[in-house]
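So the sequence lines, in the order shown, correspond to chains A and B. Residue 1 is where the first sequence starts when you use the numbering used here, and the numbers rise one by one after that. Residue 1 is where the second sequence starts when you use the numbering used here, and the numbers rise one by one after that.
Errors might be hidden in some of the hints.
[Unchecked claim] Quick list of in silico lysine-lysine cross-link-like pairs, BS3-like style, CA-CA up to 27 angstroms:
no. : chain 1 : residue 1 : chain 2 : residue 2
1   : A       : K143      : A       : K125
2   : B       : K77       : A       : K143
3   : A       : K98       : B       : K82
4   : A       : K110      : A       : K63
5   : A       : K125      : B       : K77
6   : B       : K77       : A       : K63
7   : B       : K77       : A       : K122
8   : A       : K63       : A       : K129
Everything labelled a hint here was simulated from the structure, so no lab data went into it.
Given next are the chains, with one letter for each unit.
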Amino acid sequence: MERLKDTKNDEKGVLSMIDAVLFGIIILVVAILVFQQFAGALTRERDLESSEFRREAVHDIQKVALDSTIEKTGYINLSDNQQEQVNLINITVERAIKDFLYLDHVSQDKEELSYDLSELEKDIKQIYKRCAWDVSRYYFTLKSSYETSELFLSNVQDIYTEEDLPPERAASTTSIILGVKQVDLTLYIWR
Amino acid sequence: MLRGKIKDDRKGIGGFFFDIPVLLLIIVVITVLTTSLYQVYVPIQEERDRIDQDRACVDLKNSLQNYQEIRAEENEKFSMEKLGSLEEERLESYLELEKNYDYNISFEILESDEVWSFGYDKNRVEENSEVGISSYRIPISLVDEGGCSHLGKLRVSVWRG
Numbered sequence: 001m002e003r004l005k006d007t008k009n010d011e012k013g014v015l016s017m018i019d020a021v022l023f024g025i026i027i028l029v030v031a032i033l034v035f036q037q038f039a040g041a042l043t044r045e046r047d048l049e050s051s052e053f054r055r056e057a058v059h060d061i062q063k064v065a066l067d068s069t070i071e072k073t074g075y076i077n078l079s080d081n082q083q084e085q086v087n088l089i090n091i092t093v094e095r096a097i098k099d100f101l102y103l104d105h106v107s108q109d110k111e112e113l114s115y116d117l118s119e120l121e122k123d124i125k126q127i128y129k130r131c132a133w134d135v136s137r138y139y140f141t142l143k144s145s146y147e148t149s150e151l152f153l154s155n156v157q158d159i160y161t162e163e164d165l166p167p168e169r170a171a172s173t174t175s176i177i178l179g180v181k182q183v184d185l186t187l188y189i190w191r
Numbered sequence: 001m002l003r004g005k006i007k008d009d010r011k012g013i014g015g016f017f018f019d020i021p022v023l024l025l026i027i028v029v030i031t032v033l034t035t036s037l038y039q040v041y042v043p044i045q046e047e048r049d050r051i052d053q054d055r056a057c058v059d060l061k062n063s064l065q066n067y068q069e070i071r072a073e074e075n076e077k078f079s080m081e082k083l084g085s086l087e088e089e090r091l092e093s094y095l096e097l098e099k100n101y102d103y104n105i106s107f108e109i110l111e112s113d114e115v116w117s118f119g120y121d122k123n124r125v126e127e128n129s130e131v132g133i134s135s136y137r138i139p140i141s142l143v144d145e146g147g148c149s150h151l152g153k154l155r156v157s158v159w160r161g
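Looking at chain A on its own, in the form it has when it is part of the complex:
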């Protein structure tokens, strides 16, 4: 009988072992869940911070780019079968964009008017490239439209519409006045 009672003590020991293993498993599972929550919260905080920085940067880039001066640019007037070079000296990027949008619109609207605006477009893009990529290392896309004309510039190939832009981007929209109309100019940046 006494030996049988001792055997019962052995079983108690095994039960304690199972308790300890269960304790260990529960503690580890809870710890892993807590760590995952911490890591998730930290990742969200980091993402939020990155998007805040991008928002700060896009406003700075847009403001400086629009105020920048293009020393010499121009376009070719191809109306009436002529080829007249029109030079624009020391104009701001904002003015260059307005000229581009207006001339592009009238050349589409009136058959007798035609302009080659590639130089103007190239110089606008060059200023944005210097501000966004050369200084801040951001890829950019600039988008604006006026009546029938559209300006869409990017330093990344294969981006033709807003749908091609990556989701983790920041945007800044500035309104400029062209004639009597308000024109929105949107700059997107991303890394």
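Once you have looked at the hints, place chain B on chain A.
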């Protein structure tokens, strides 16, 4: 009665030895838990410090953009003349950066490589060596004495001193 008490004593001795593997298991679990806690806590803390440092860097940039002493009078552009005469102590007292951070600020004209630099340990802030340094670069407009506008770069770097 006595026999009954002796039986209890044996149980106690037997129970203690049976508990040793259980105690060992608990010690192992707690050790693993503590080690993994430490392994997770250190990178999380480093990341939090990094985020705080990045924020300090952006705050510093915003303070500079609002500092009228280096702005041209007629517009919001930075004045090259005022940057040239700006005293380091004056800028430092204006910025009031937290004491555990050091900083370096440089204003640079893109087309001429002319640079105005302020702050500490300038040699540490090199391009492509930004380990432990938060750096923020934005384009700026600078105006010379003749009123001509130049495209430039403002770089603000912050690190733990």
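Verification of the supplied hints:
1. For a cut-off of 27 angstroms, the pair hint linking K143(A) to K125(A) stands: about 11 angstroms separates their Cα positions.
2. Annotation: proposed proximity of K77(B) to K143(A) holds, straight-line Cα distance about 25 angstroms (limit 27 angstroms).
3. Between K98(A) and K82(B) the CA atoms are separated by roughly 33 angstroms; this puts the pair beyond 27 angstroms, and the hint is violated.
4. At roughly 33 angstroms between alpha-carbon atoms, K110(A) and K63(A) are farther apart than 27 angstroms, so this suggested pair is violated.
5. The straight-line distance between the Cα atoms of K125(A) and K77(B) is roughly 22 angstroms, inside the 27 angstroms bound, and the hint therefore holds.
6. Annotation: proposed proximity of K77(B) to K63(A) holds, straight-line Cα distance about 11 angstroms (limit 27 angstroms).
7. Proposed proximity of K77(B) and K122(A) is supported: the alpha carbons are some 25 angstroms apart, at most 27 angstroms.
8. At roughly 14 angstroms between alpha-carbon atoms, K63(A) and K129(A) fall within 27 angstroms of each other, so this suggested pair holds.
Of the numbered hints given earlier, the model fails hints 3, 4; all others are met.
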